[in-house]
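Taking the numbering used here, the leading residue of the sequence shown gets 1, the next gets one more, and so forth.
Bear in mind the hints are in silico, worked out from the structure with no lab data behind them.
Where is the CB? At the ideal position from N, CA and C, for every residue including glycine.
Accuracy of the hints is not assured; some may be wrong.
Stated by the list, open to error - EDC-like, lysine to aspartate or glutamate: derived pairs with alpha carbons at most 16 angstroms apart:
#1 Lys6 <-> Glu37
#2 Lys6 <-> Glu52
#3 Lys6 <-> Glu61
#4 Lys12 <-> Asp106
#5 Lys6 <-> Asp84
#6 Lys12 <-> Glu103
To be verified - The following label-pair restraints were derived from C-beta to C-beta distances:
#7 Ala130 <-> His20: 23 to 29 angstroms
#8 Cys112 <-> Glu37: 21 to 27 angstroms
#9 Ala130 <-> Leu91: 29 to 35 angstroms
#10 Ala130 <-> Asn81: 23 to 29 angstroms
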Amino acid sequence: MTEENKYPLFHKLQNDHAVHVYIEEQNVSMKALHYTEHCFAHVGMVTQRTEEILTTLKADEHTIDIALCACWLHDIGNIVNRVDHSQTGALMAFQILNRLGFEAEDIAPIICAIGNHDEGNGVPVSTISAA
1 MTEENKYPLF HKLQNDHAVH VYIEEQNVSM KALHYTEHCF AHVGMVTQRT
51 EEILTTLKAD EHTIDIALCA CWLHDIGNIV NRVDHSQTGA LMAFQILNRL
101 GFEAEDIAPI ICAIGNHDEG NGVPVSTISA A
């Protein structure tokens, strides 16, 4: 089974031009603030580790698929501001996922995980956000 067939939502998101632009541009902001790299190496590493964690926990493929989407988008809010970037990112992700035709049942856990990923004010309220 190809990665595209295994994780169709993630594949759709990963290949969206606008998402690429947002990830690249938020990294520009992070560099200006002297943060470490937050571009594709970062989201790729977070995605890989989350897949490993959820596979080890025997999560189903659909849960992993939406978790990978949350990983890929988790820092896009940095394009607006580092402060409260998780909440901003969740709102941005909602717009992106809605535009791409994701179902509400998939959007909800993705934006929940993004909104709760920051150590300063986030809480692991779900398996996806914890991973």
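Any hints from earlier that this structure breaks? Give me their numbers in increasing order, please.
Failing hints, ascending: 1, 5, 9.
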